[in-house]
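2 protein chains.
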Amino acid sequence: MTITGLALATLTTPAFADGVIDNANGYTLNDKGDLVRFDGLLIDDKGRVSRLLQKGDRRPEKLDFRLDAQGRTIIPGLIDAHGHVMDLGQVALSLDLSATNSLAEAQAALVKYAADRPTPPWIGGGGWNQERWKLGRFPTAADIDAVTPGRPVVLSRVDGHALLANSAAMAAAGINAKTKDPAGGRIERDAKGNPTGVFVDAAQKLITDVVPAPLPRDRDAMLAKAQEILLGYGITSTADMGTTSDDWLVMRRAGDAGRLRVRITSYAHGIDTLLAVAGTGPTPWLYDDRLRMIGVKLYADGALGSRGAWLKAPYADAPNNRGIQFLDDAKLRNLGSRAAMDGFQVAIHAIGDAANQQALDAIDELANTYKGDRRWRIEHAQIVDPVDIPRFGKNGTVASMQPVHQTSDRLMAEARLGPARLAGAYAWKAMIDAGSPLAFGSDYPVESPNPFPALAAAISRTGPDGQPVGGWHPEQAITMTQAFRAFTADAAHAGFAEGKVGVLTPGHLADFLILDRDIFEAGAPAIQQARPLETWIGGKRVWVAK
Amino acid sequence: MTITGLALATLTTPAFADGVIDNANGYTLNDKGDLVRFDGLLIDDKGRVSRLLQKGDRRPEKLDFRLDAQGRTIIPGLIDAHGHVMDLGQVALSLDLSATNSLAEAQAALVKYAADRPTPPWIGGGGWNQERWKLGRFPTAADIDAVTPGRPVVLSRVDGHALLANSAAMAAAGINAKTKDPAGGRIERDAKGNPTGVFVDAAQKLITDVVPAPLPRDRDAMLAKAQEILLGYGITSTADMGTTSDDWLVMRRAGDAGRLRVRITSYAHGIDTLLAVAGTGPTPWLYDDRLRMIGVKLYADGALGSRGAWLKAPYADAPNNRGIQFLDDAKLRNLGSRAAMDGFQVAIHAIGDAANQQALDAIDELANTYKGDRRWRIEHAQIVDPVDIPRFGKNGTVASMQPVHQTSDRLMAEARLGPARLAGAYAWKAMIDAGSPLAFGSDYPVESPNPFPALAAAISRTGPDGQPVGGWHPEQAITMTQAFRAFTADAAHAGFAEGKVGVLTPGHLADFLILDRDIFEAGAPAIQQARPLETWIGGKRVWVAK
Chain F
1 MTITGLALAT LTTPAFADGV IDNANGYTLN DKGDLVRFDG LLIDDKGRVS RLLQKGDRRP
61 EKLDFRLDAQ GRTIIPGLID AHGHVMDLGQ VALSLDLSAT NSLAEAQAAL VKYAADRPTP
121 PWIGGGGWNQ ERWKLGRFPT AADIDAVTPG RPVVLSRVDG HALLANSAAM AAAGINAKTK
181 DPAGGRIERD AKGNPTGVFV DAAQKLITDV VPAPLPRDRD AMLAKAQEIL LGYGITSTAD
241 MGTTSDDWLV MRRAGDAGRL RVRITSYAHG IDTLLAVAGT GPTPWLYDDR LRMIGVKLYA
301 DGALGSRGAW LKAPYADAPN NRGIQFLDDA KLRNLGSRAA MDGFQVAIHA IGDAANQQAL
361 DAIDELANTY KGDRRWRIEH AQIVDPVDIP RFGKNGTVAS MQPVHQTSDR LMAEARLGPA
421 RLAGAYAWKA MIDAGSPLAF GSDYPVESPN PFPALAAAIS RTGPDGQPVG GWHPEQAITM
481 TQAFRAFTAD AAHAGFAEGK VGVLTPGHLA DFLILDRDIF EAGAPAIQQA RPLETWIGGK
541 RVWVAK
Chain V
1 MTITGLALAT LTTPAFADGV IDNANGYTLN DKGDLVRFDG LLIDDKGRVS RLLQKGDRRP
61 EKLDFRLDAQ GRTIIPGLID AHGHVMDLGQ VALSLDLSAT NSLAEAQAAL VKYAADRPTP
121 PWIGGGGWNQ ERWKLGRFPT AADIDAVTPG RPVVLSRVDG HALLANSAAM AAAGINAKTK
181 DPAGGRIERD AKGNPTGVFV DAAQKLITDV VPAPLPRDRD AMLAKAQEIL LGYGITSTAD
241 MGTTSDDWLV MRRAGDAGRL RVRITSYAHG IDTLLAVAGT GPTPWLYDDR LRMIGVKLYA
301 DGALGSRGAW LKAPYADAPN NRGIQFLDDA KLRNLGSRAA MDGFQVAIHA IGDAANQQAL
361 DAIDELANTY KGDRRWRIEH AQIVDPVDIP RFGKNGTVAS MQPVHQTSDR LMAEARLGPA
421 RLAGAYAWKA MIDAGSPLAF GSDYPVESPN PFPALAAAIS RTGPDGQPVG GWHPEQAITM
481 TQAFRAFTAD AAHAGFAEGK VGVLTPGHLA DFLILDRDIF EAGAPAIQQA RPLETWIGGK
541 RVWVAK
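Those sequence lines, one after another, are chains F and V. The C-terminal position of the first sequence is numbered 546 in UniProt numbering, with every residue numbered one higher than the one before it. The C-terminal position of the second sequence is numbered 546 in UniProt numbering, with every residue numbered one higher than the one before it.
It is worth saying that the hints were derived from the structure and are not from the lab. For every residue, glycine included, the Cβ atom is placed at its ideal position computed from N, Cα and C. Hints may be right or wrong, so weigh each one.
As the list claims (entries may be wrong) - So these bits of chain F aren't anywhere near chain V, every CB distance computed over 12 Å:
1) L35
2) D44
3) T140
4) G160
5) V211
6) R217
7) W248
8) D272
9) A276
10) P284
11) L286
12) D373
13) Q482
To be verified - Here are some, though not all, of the chain F residues that point toward chain V, as calculated from beta-carbon distances under 7 Å:
14) P216
15) R259
16) V277
17) G279
18) T283
19) E365
20) L366
21) V446
22) E447
23) S448
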């Protein structure tokens, strides 16, 4: 794309300005939740929408700026209800080997990355896959030592279940032939028993424990990078699911320096962080509605791929395994209670059907004590027993789900669960039918934060490859308006941000996107390819496609 | 006192207002550092001094408020260059037994304190002294169990070298007859070897390790209490020497909620905290100049009373002991370098003469690498070898000293050092003569933050009891203007806050005190008793004597 921003007629240039975005093909939900159209957007000097204009409505004469959208599609800024902001930046700034097709390509990428970044000494990255490389073996430390002598290098395998360390990294970790395999992990070894450089599952920790923490400037760069990526995909607000104290301090630093661009609703990484940071209740919105800590992220189980999701019956592909229950019932309730007693929101990660049942049970009990509008959240709600789905309609429970997990994970889910236990898998329509507000997100950086493939998946149950034809369990596909609502009004509701963001009716912050196509008139394949041309936050243009 | 604020004629009541404080007996240093007088203080709508008025100067007619000071003395708000904000609040909110004269009195105080505070369950406090109680023995757990059944109680001895725990606290810590004395500590025991409840020196940690961390609301209350105390003593700005991440988060919470009143310049508790919080450089001034993290506190040694101060020659009262060197030379330099490289200020705690020499050596080396206006600080500079005093005049090194330590500690210092090694002890005048900017503080809560006894000590070298007559090493007494400068302009300079606070010349924040007497016309005994009637910050009255 070579567009560098639509012509903006600026009559004066104050810090805040009244203006109009005109001649738009505009869509928003209205305050009743219906999809409505607009032709122009009047913005006040506080960066809020003051009026939606239709064709023929008289435009005010005295304005500080006018933008002619030239008939392009405008929608509210999209909201990712479940992401990991600092991780997104960290991954984006590390070495990405996922597109390399051979060891030689990976070595070349490593050489270039190391040359571009003389500091810090440690090099991190990931995405390697010896199958894709057609290597016929795991790579070894020696493969890397040859190209990055001296600097420690640590590279995750594409699935996150193994990492490759070079000799410098192994030396820093004190790894040698005498190092024993830890419980749940394996060190790859040569015929003489010497570690070759690959550490599987729990053995990865032997290395990761000695990787230095990022420097402050690296953390600042991660946050900046994450925001740039999000804005480029049209994400103007996001939940940060599991903010650590260190993450929070980086965000505050950015806010203090005027470098917060995306609106972040933070869920603390556990109760201790919640109490240390927010203390006696949710923080106010800080930095012109850019940052707020509102609640806590708790974990009921692990993930499906690694069989950490906690199931009611054993895995189809591991008959003695039901996954991992992270917390006993009382502990989950007590943690939820500790947060709810001070008015904090509770978001529970639950992927397996047993974990979802436990989370729903906990919410039933918590809702009995903590009345009012609590918006209990279940994160992922990935594999739910159909008998439990109606329970999502109780207590105002929010189903916080990620459409792209369905298209990425469907084959793996079939392997883990077998065909008979998928009726409540990625069951978006059933959640809506149950009356649960459905909030969409991406779980970035696990998946890309790009919301357009997610919208396409939501209406089609097909992936970017168009597979499977007709959609995977197509009875769970939803309408475009429903999918749009889950990325806008209902994602705002899920984070107590309604009235501020999610829709473009008067009084809301003027967060909006100018798109390269009309996503309401396009089919799934075209929606997948949609991209913002411009991203605006609070009535200001903050990102323009290059 | 029953004064509840001088009559304030408010013509209108905007959030910010132009106004005048009139008919004052005003003192401030001018921009050249000389003491000058004023009769009125004109304040602009940003809360800054716009003009000093003399008698006969014409007063503006259009003002939002006028205060008739009725001839009372007005001085700039005082600055404590070395305190511990959260500790001040914590101590003030815990049980204070320092005034009790018998075990029975202490038991009664405990009963009342426990009744007033049903939560949290643990009760903490200190100040007991079995000598003062004429008990003839240490108190025991049983003495407390009798009056606070069930709730764990932990009480420090007045010197901080022992603590008394009741049975509930010992049970929580798993203490029993089998518990061994740790290195450097002793558990008091009865004839059968059962712990009696008193834990000496390093043994205190057995108990303190299990005391729950304060709840968020308790931390918030500590900060609120500390600010109330400081304002009541006329401290409008303070350095916080050793801010932890948790402390910082409490301060941010207060700032976000508009509850920060005192201006706090924060020095992080070590490099890790500095980098996590402030990251790549000092924070900006936050919350209308109420909070800033500017540097790091490092420790070269311990304290004199416990013989932790690091001396060049052995203690006079412990011939085999030279105290404790906390860091080797390289480590101290490296920590200082890590801070200075990103523009952070370095404050080094140094009490003994060896520690002061080491700090000066480190500063010499650091100043060689990190040029410019760095304001290296030595905190306490308590016992300095006279040959090293001239070195304080180099590199812009600030001597951050606490006058009341001299009056409180003089007998102990004589015991520790003997009479021949006191020429450089609490040597305020020698520091000024050497050309070192002298910044005064209190080290609260070690001493009271009340600056008026400190001003009295500074000019008299006598304590509140008038002892010793003629002053202790009176050659180190300084003038009232010098002492005043160390609590105002030079304390501001020590924290890079000149231009904002410390003086009342035009452009500075209107932080000032209305006093109950003229401290420039009073002798030391009267200065000791001086108290603010009102404390103003940024042109607003924030505290009034009851």
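Comparing the hints with the structure gives:
For L35(F), the shortest C-beta to C-beta distance to chain V comes to about 37 Å, beyond the 12 Å cut-off, and the non-interface label holds. No Cβ of chain V comes within 12 Å of the Cβ of D44(F); the nearest lies about 22 Å off, and the non-interface call holds. Interface exclusion of T140(F) from chain V stands, the closest Cβ pair being 35 Å apart, more than 12 Å. Every CB of chain V lies more than 12 Å from the CB of G160(F), the least distance being 26 Å, so the non-interface label holds.
The Cβ of V211(F) lies farther than 12 Å from every Cβ of chain V, with a closest approach of about 16 Å, so its non-interface assignment holds. Consistency note on R217(F): stated as away from chain V, yet its beta-carbon is not over 12 Å from all of that chain's, at 5 Å minimum. Listed as outside the interface, W248(F) is inconsistent with that label: its C-beta sits roughly 8 Å from the nearest C-beta of chain V, within the 12 Å cut-off. Under the 12 Å C-beta cut-off, the non-interface status given to D272(F) relative to chain V is violated; the minimum distance is some 9 Å.
In this structure A276(F) is not separated from chain V by more than 12 Å, as the shortest Cβ-Cβ distance comes to only about 5 Å. Once the 12 Å rule is applied to beta carbons, P284(F) is inconsistent with being away from chain V; the minimum gap is 6 Å. With a least CB separation of 6 Å from chain V, L286(F) falls inside the 12 Å interface cut-off, contrary to its annotation. No beta-carbon of chain V comes within 12 Å of the beta-carbon of D373(F); the shortest separation is about 22 Å.
With 12 Å as the threshold on Cβ separation, the claim that Q482(F) sits away from chain V holds: the shortest Cβ distance comes to roughly 37 Å. Taking 7 Å as the C-beta contact cut-off toward chain V, the hint placing P216(F) at the interface holds, the least distance being around 3 Å. Taking 7 Å as the C-beta contact cut-off toward chain V, the hint placing R259(F) at the interface is violated, the least distance being around 11 Å. Annotation: V277(F) was flagged as interfacial toward chain V, and the flag holds, the nearest CB pair being 5 Å apart, inside 7 Å.
Because the beta carbon of G279(F) sits about 3 Å from the nearest beta carbon in chain V, less than 7 Å, this interface hint is met. Given hint, T283(F) at the interface with chain V, holds; its Cβ is 6 Å from that chain's nearest Cβ, closer than 7 Å. With a cut of 7 Å, the hint placing E365(F) at the interface with chain V is violated, because the nearest CB-to-CB distance is about 23 Å. Nearest Cβ of chain V to the Cβ of L366(F): about 20 Å, over the 7 Å cut. The hint is violated.
Interface hint status for V446(F): violated, as the beta-carbon distance to the closest one in chain V is roughly 26 Å, over 7 Å. Violation of the interface hint for E447(F) is found here, the shortest Cβ-Cβ separation to chain V being roughly 29 Å, above the 7 Å cut-off. Taken as an interface hint, S448(F) does not check out: its beta carbon lies about 28 Å from the nearest beta carbon of chain V, beyond 7 Å.
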